[in-house]
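Undergrad: Sequence:
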Amino acid sequence: MTAPGHELETIAADGRINVVSPLDGRVLERIPMTPPEDVPALFERARQAQRQWQKRSVAARARALKPLARGIADAADELVELLREEIGRHPAESWFAEIVPNIDLIHWWVRQGRKHLEPQRVKLNPINFPGKKAWIELVPRGVLGLITPWNYPVSIPLRALIPALLAGNAVVWKPSEYAALVSKRLDALFSEFLDPDLVVLAQGAGPTGAAVVEHCDGIGFTGSYAVGQQIAVRAAERLIPSSLELGGKDFAVVCPDANLPRAAAGIAWAGLTNAGQNCASIEVVCVHESVAAEFTSLLRDEVQKMAPFVGPMINARQKQKVAAQLDDAIRSGGLVLIGGEGDADGLRIDPAVIEHPDWNSALMCEETFGPVLPVVTWRDLAEVSEQLARSAYGLTLSVWSADVDSAVAWARQQPAGVLTVNNHSFTAGIAEMPWTGVRQSGLGVTNSVYALEWMTRPRGVLIDRNKQREPWWHPYNDAAVTMARGISDLNTGRRPFWRALPDLLKGFLTRWK
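Residue numbers are given in this note's numbering: position 376 of the sequence shown equals residue 376, and the series is strictly consecutive.
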């Protein structure tokens, strides 16, 4: 398969971004790039806005963010059309992946998620700490950096931007240069409803992203393992928190008692949605040998039905990578049942099902990010566990079985950040559910209250209304020891209350004499 001849350099010689449609190679727009040397000024703007934003209560910030849900709904048709032209995605996919879940995301954070940002009372032991009141509050980090990919250019940024802003931060956001138009429109929505300097857009490529990492108070990144590793090192050197959502090589395990027609439909969708350009895409299908023939036939039929709706690769480089993995798998013994051909002058690859590829082939070991479903068989689940243990990744894992309890019990023993039974991939669209991975799939969490961990820091606050000296203050004497012994015995029940209390009172009365 050959790369299309119409591919242009994304970053032009004049420093502008060529926004090229993967559908037909048209230049949709040429957008000015943010030079790395301009990034410090963006952070200064954001810092000034953040100082005022932080002063507002959580409830006030939630009220300010709530209209964004309606704003996204009002702009949905425009966003969906931009996603079609710039990413090449079918409108139905964009509605379900980029519009519907994000309206719910905003609603959840402003109604339920905000409760986790309110101060949490600490229940102090009245014997140890009389006259005191304490609580924990989550303090915003300041100005966060956010670097996001092109494959879900609305959903992935929003999953970080909404909680970050609600927590009192500002954000300097560097989207992928392959999603510059969609990102520009999304940024305009934030500017419509909020101070325009709370979310500051930095358009550009790698050097612009590196400058963002240098000046932020915490960095969120979604992208490749190689770049994520570099960001993790620099964040550690700067002693700032990082959240890294990286690659995946996700398994779907089909058991002999599975609802095979539903499993085939669900696995075809999860492997081919967005043309397989999804970190949670199914890239390895493990089916029990007793139902392999029936399941594979059903899967082939589902892929054939879905093929007309599968869009192009984002660029020639990605197309070449997928084609190379597929060719290597064929050379090592894999049998293509359907698809795998590429347009001679375009970026599309026909969605493919390939049987029995070698476990050591690139297709089975490396992230593919394309519309290819490799199918292998198993006799004992221990075989699947062995291959999962070998994998460098650990993002999501699905098990398809009528025996839900057994499926969950087995899945819990495997290295994956997200487990699903009889479904796959879509839980990234559930605001309440943590989205996380292990190994080279990254560090940190998207969605749920756990997403706040890199965006905030806990601060303990204590008020003391006690007018007496503390028992642990100097001078140190026998009365201090007697008092401490009484406190210890009361707290542990080592001595009955009526016997420990006299020591405590005696120590208290003679402590400072």
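Among the hints, erroneous ones may be present.
[To be verified] Pairwise CB distance ranges (calculated):
1) P35 / P458: 29 to 39 Å
2) W135 / F96: 32 to 42 Å
3) R465 / E214: 22 to 32 Å
4) K55 / W135: 14 to 24 Å
5) G206 / I127: 52 to 62 Å
6) G206 / D104: 25 to 35 Å
7) P496 / V233: 51 to 61 Å
8) P415 / S488: 37 to 47 Å
9) G460 / A236: 23 to 33 Å
10) A236 / E44: 18 to 28 Å
11) K55 / G206: 34 to 44 Å
12) A236 / K115: 30 to 40 Å
Hints in this document: simulated from the structure, not taken from any laboratory. Using N, Cα and C, we set each Cβ at its ideal position, and we do this for glycine too.
Undergrad: Would you mind marking each hint as holding or not holding in the structure?
TA: Here's how the hints hold up against the structure:
1. P35 / P458: 29 to 39 Å: At 37 Å between Cβs, range holds.
2. W135 / F96: 32 to 42 Å: holds, 41 Å
3. R465 / E214: 22 to 32 Å: Cβ of R465 to Cβ of E214: about 45 Å, so the range 22 to 32 Å is violated.
4. K55 / W135: 14 to 24 Å: 19 Å Cβ-Cβ, so the 14 to 24 Å window holds.
5. G206 / I127: 52 to 62 Å: holds, 58 Å
6. G206 / D104: 25 to 35 Å: Hint holds: Cβ distance 33 Å, inside 25 to 35 Å.
7. P496 / V233: 51 to 61 Å: Once the Cβ atoms are compared, 58 Å apart, the range 51 to 61 Å for V233 and P496 holds.
8. P415 / S488: 37 to 47 Å: For S488 against P415, whose Cβ atoms are near 43 Å apart, the range 37 to 47 Å holds.
9. G460 / A236: 23 to 33 Å: About 25 Å separates the Cβ atoms of G460 and A236, which means 23 to 33 Å holds.
10. A236 / E44: 18 to 28 Å: The hinted range 18 to 28 Å holds for A236 and E44, with Cβ atoms some 25 Å apart.
11. K55 / G206: 34 to 44 Å: holds, 36 Å
12. A236 / K115: 30 to 40 Å: The hint (30 to 40 Å, Cβ to Cβ) holds, given that A236 and K115 are roughly 32 Å apart.
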